[in-house]
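Number of protein chains: 2
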Amino acid sequence: MKKIINEPHAVVDELLEGMLLAHSDFLTGITDTRVVIEKEKRATVGLVSGGGSGHEPAHAGFVGDGMLRAAVLGEMFTSPTPDQIFEAIKASDTGHGVLLIVKNYTGDVMNFDMAKEMAEMEDIAVESVLVDDDIAVEDSTYTAGKRGVAGTVLVHKILGHYAREGKTLTELKELGERLTAHIDTLGVALTGATVPEVGKPGFTLAENEMEYGVGIHGEPGYRRSELKQSRAIANELVTKLMETKTDTKKIGLLVNGLGATPLQELYVFYRDVVHELKNYDVEIVFQKIGDFMTSIDMAGLSLTVIDLDSDTYQAALTSPVDVLNW
Amino acid sequence: MKKIINEPHAVVDELLEGMLLAHSDFLTGITDTRVVIEKEKRATVGLVSGGGSGHEPAHAGFVGDGMLRAAVLGEMFTSPTPDQIFEAIKASDTGHGVLLIVKNYTGDVMNFDMAKEMAEMEDIAVESVLVDDDIAVEDSTYTAGKRGVAGTVLVHKILGHYAREGKTLTELKELGERLTAHIDTLGVALTGATVPEVGKPGFTLAENEMEYGVGIHGEPGYRRSELKQSRAIANELVTKLMETKTDTKKIGLLVNGLGATPLQELYVFYRDVVHELKNYDVEIVFQKIGDFMTSIDMAGLSLTVIDLDSDTYQAALTSPVDVLNW
Numbered sequence: 000m001k002k003i004i005n006e007p008h009a010v011v012d013e014l015l016e017g018m019l020l021a022h023s024d025f026l027t028g029i030t031d032t033r034v035v036i037e038k039e040k041r042a043t044v045g046l047v048s049g050g051g052s053g054h055e056p057a058h059a060g061f062v063g064d065g066m067l068r069a070a071v072l073g074e075m076f077t078s079p080t081p082d083q084i085f086e087a088i089k090a091s092d093t094g095h096g097v098l099l100i101v102k103n104y105t106g107d108v109m110n111f112d113m114a115k116e117m118a119e120m121e122d123i124a125v126e127s128v129l130v131d132d133d134i135a136v137e138d139s140t141y142t143a144g145k146r147g148v149a150g151t152v153l154v155h156k157i158l159g160h161y162a163r164e165g166k167t168l169t170e171l172k173e174l175g176e177r178l179t180a181h182i183d184t185l186g187v188a189l190t191g192a193t194v195p196e197v198g199k200p201g202f203t204l205a206e207n208e209m210e211y212g213v214g215i216h217g218e219p220g221y222r223r224s225e226l227k228q229s230r231a232i233a234n235e236l237v238t239k240l241m242e243t244k245t246d247t248k249k250i251g252l253l254v255n256g257l258g259a260t261p262l263q264e265l266y267v268f269y270r271d272v273v274h275e276l277k278n279y280d281v282e283i284v285f286q287k288i289g290d291f292m293t294s295i296d297m298a299g300l301s302l303t304v305i306d307l308d309s310d311t312y313q314a315a316l317t318s319p320v321d322v323l324n325w
Numbered sequence: 000m001k002k003i004i005n006e007p008h009a010v011v012d013e014l015l016e017g018m019l020l021a022h023s024d025f026l027t028g029i030t031d032t033r034v035v036i037e038k039e040k041r042a043t044v045g046l047v048s049g050g051g052s053g054h055e056p057a058h059a060g061f062v063g064d065g066m067l068r069a070a071v072l073g074e075m076f077t078s079p080t081p082d083q084i085f086e087a088i089k090a091s092d093t094g095h096g097v098l099l100i101v102k103n104y105t106g107d108v109m110n111f112d113m114a115k116e117m118a119e120m121e122d123i124a125v126e127s128v129l130v131d132d133d134i135a136v137e138d139s140t141y142t143a144g145k146r147g148v149a150g151t152v153l154v155h156k157i158l159g160h161y162a163r164e165g166k167t168l169t170e171l172k173e174l175g176e177r178l179t180a181h182i183d184t185l186g187v188a189l190t191g192a193t194v195p196e197v198g199k200p201g202f203t204l205a206e207n208e209m210e211y212g213v214g215i216h217g218e219p220g221y222r223r224s225e226l227k228q229s230r231a232i233a234n235e236l237v238t239k240l241m242e243t244k245t246d247t248k249k250i251g252l253l254v255n256g257l258g259a260t261p262l263q264e265l266y267v268f269y270r271d272v273v274h275e276l277k278n279y280d281v282e283i284v285f286q287k288i289g290d291f292m293t294s295i296d297m298a299g300l301s302l303t304v305i306d307l308d309s310d311t312y313q314a315a316l317t318s319p320v321d322v323l324n325w
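Keeping their order, the protein sequence lines are chains Y and R. Counted from 1, the first sequence has number 70 at position 71 by numbering that gives the first Met the number 0; the numbering is strictly sequential. Counted from 1, the second sequence has number 109 at position 110 by numbering that gives the first Met the number 0; the numbering is strictly sequential.
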């Protein structure tokens, strides 16, 4: 394991400390727990997300004006505890309620639900939106149903925009549930990710091997293959992602690096995706290329397609924000 | 070699195409050459930079309002040609002249100089600023004197700010020459970088080995060592970087990932740098953490320290910009 860290068990605390030291102009923490929260609470409803660490910049890199109010950091690849989430909810509520944005993993769903109940007992209004954008497989290692992956960041952006516009908690929940049905993601891995405390990759692929459909915790995908060229990968991902979008005329794209993928590869791949989409009667009206939802040091990428036939989503995606990593 | 690319020789053309496809709202290219240029020319003097590809997001990710007017893309780890640079200069001039920001490598210096002469023969006023911030070694593989590395991005930001403010070409050159003396960088590598057409890393390090002072093309550093913890690396880099800053009271920091380094490691390291700096009588008044000047897929990072006793630099670093990767 080659990493620039100190003791492996301290990585989450130390990355959180580094982040708060660097960005104390607009971010702060909550004493004795691992939460990043915006100092100035501008929106009415507070959006709270989070999950296991190891997906940086998700989710703390999206805290700030126009996106999340707070992010809760679990241990590496492990859901935050109900107590942590409860603290984030309490600190995020300004009397207008809190919306939880939860990636669909069994542990996350359970812990965010428990925190929601704890908050409701203290008369804080809480709703939640579940994101399950990964179309690779059903019922994965830590998941009943589909997994929640990079498309979650688009949910942060769109609902964050509407929260800032003053939508109510009920409206945001309804919007969120409609929205998640329009977001699909599929990823490929060239290498496994190494959790610092484990010290070796969660899975291994041979030098000329890749895997389609791997999850962001290294959950199995749907097929191993010899290493393909970018245009072949683009062909396969676009074909699968567009299968359900036969009526869609406008789309947005998110090309997401998984942690150890150079930006040059993301741009080569984006090029191939655009060429591939010429076979479809769709217009690309939004795109984002970079690292948004990583898997520690995994080499690979994911492609997210969002249906943007509704112009309101498009406006919500492009409005300015004040966060670190959008 | 595990990369998401097509033919290795096509990577530069295809990443450029991907970038222009994605960001045609404010960036464009120049026909038959590899240049990224802003569509709307707002500043008076145009800032042009560039160099070998493989350092993405440098330099094209910094083209736009408040930073560069144009970036010239060479082959991987190879200076752009004088012809390419000349085309960028011609397209960037609005009658107020063009300032070249050049990293100190023999090939770059020669080719930017030749392009400058070609432009002067067409009566375009051109000046250049040389960046040589890497304090690791003198006279490296491709360099007479010190190498130019991540600190170059701070030069883009500060001079870009002043160009937007309307400073003249002569003023910008003088500012730039004073500025570069205030910027020092030092990097460490855990792995070598693989140029696609070469197909294997430029150098190799054993599983428990790292190297201090490696250049962004894999040029040798000043010492190989067993793999150290983040706080030991922070101690060594801060000690060396602060040696010449005995009178400095305010500094800015840039923690730069080299391409395959997870953001979580950059934050752990930033934390350790801040703790290390408590041994010095300095205040950190600016910081930036992320990938700015990479070395393809190298694992490792660099730390840049800029002397910010002059308040004008600080204001120039924090003004808003409209570019992709600042």
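Some hints here could point you the wrong way.
Unchecked claim - BS3-like, lysine-lysine: derived pairs with alpha carbons at most 27 Å apart: (1) R:Lys199 x R:Lys227; (2) Y:Lys227 x Y:Lys277; (3) R:Lys249 x R:Lys172; (4) Y:Lys1 x R:Lys227; (5) R:Lys1 x Y:Lys239; (6) R:Lys38 x Y:Lys249; (7) Y:Lys244 x Y:Lys287; (8) Y:Lys199 x R:Lys249; (9) R:Lys199 x Y:Lys199; (10) Y:Lys248 x Y:Lys287; (11) Y:Lys249 x Y:Lys172; (12) R:Lys239 x Y:Lys38; (13) R:Lys166 x R:Lys277; (14) Y:Lys239 x Y:Lys227; (15) R:Lys40 x Y:Lys1; (16) R:Lys249 x R:Lys277; (17) R:Lys166 x Y:Lys277; (18) R:Lys239 x Y:Lys287; (19) Y:Lys199 x R:Lys1; (20) Y:Lys287 x R:Lys227; (21) Y:Lys239 x Y:Lys277; (22) R:Lys1 x Y:Lys1; (23) R:Lys199 x R:Lys1; (24) Y:Lys1 x R:Lys249; (25) Y:Lys227 x R:Lys199; (26) Y:Lys38 x R:Lys249; (27) R:Lys172 x Y:Lys287; (28) R:Lys277 x Y:Lys287; (29) Y:Lys38 x R:Lys287; (30) R:Lys1 x Y:Lys227; (31) Y:Lys227 x Y:Lys199.
Treat the hints as calculated values from the structure; they're not laboratory data. These figures come from a predicted structure and were not determined experimentally.
Against the structure, the hints:
1. R:Lys199 x R:Lys227: holds, 25 Å
2. Y:Lys227 x Y:Lys277: holds, 21 Å
3. R:Lys249 x R:Lys172: holds, 24 Å
4. Y:Lys1 x R:Lys227: holds, 10 Å
5. R:Lys1 x Y:Lys239: Holds. Lys1 (chain R) to Lys239 (chain Y) sits at ~23 Å (cutoff 27 Å).
6. R:Lys38 x Y:Lys249: holds, 25 Å
7. Y:Lys244 x Y:Lys287: holds, 20 Å
8. Y:Lys199 x R:Lys249: violated, 41 Å
9. R:Lys199 x Y:Lys199: Holds, because 22 Å separates the two Cα atoms, which is no more than 27 Å.
10. Y:Lys248 x Y:Lys287: holds, 19 Å
11. Y:Lys249 x Y:Lys172: Judged against 27 Å, a Cα distance of about 24 Å means the pair holds.
12. R:Lys239 x Y:Lys38: violated, 35 Å
13. R:Lys166 x R:Lys277: violated, 37 Å
14. Y:Lys239 x Y:Lys227: Status holds; Cα separation ~16 Å.
15. R:Lys40 x Y:Lys1: violated, 44 Å
16. R:Lys249 x R:Lys277: It holds: about 13 Å lies between the C-alpha atoms, which stays within 27 Å.
17. R:Lys166 x Y:Lys277: violated, 45 Å
18. R:Lys239 x Y:Lys287: violated, 38 Å
19. Y:Lys199 x R:Lys1: Holds. Lys199 (chain Y) to Lys1 (chain R) sits at ~18 Å (cutoff 27 Å).
20. Y:Lys287 x R:Lys227: violated, 36 Å
21. Y:Lys239 x Y:Lys277: The given pair, whose Cα atoms are some 15 Å apart, holds under the 27 Å limit.
22. R:Lys1 x Y:Lys1: Status holds; Cα separation ~18 Å.
23. R:Lys199 x R:Lys1: holds, 10 Å
24. Y:Lys1 x R:Lys249: violated, 33 Å
25. Y:Lys227 x R:Lys199: holds, 18 Å
26. Y:Lys38 x R:Lys249: Measuring from Cα to Cα gives roughly 25 Å; hence the hint holds.
27. R:Lys172 x Y:Lys287: Not OK: Lys172 (chain R) and Lys287 (chain Y) at ~35 Å, beyond 27 Å, violated.
28. R:Lys277 x Y:Lys287: violated, 38 Å
29. Y:Lys38 x R:Lys287: The given pair, whose Cα atoms are some 19 Å apart, holds under the 27 Å limit.
30. R:Lys1 x Y:Lys227: Holds. Lys1 (chain R) to Lys227 (chain Y) sits at ~10 Å (cutoff 27 Å).
31. Y:Lys227 x Y:Lys199: Holds, because 25 Å separates the two Cα atoms, which is no more than 27 Å.
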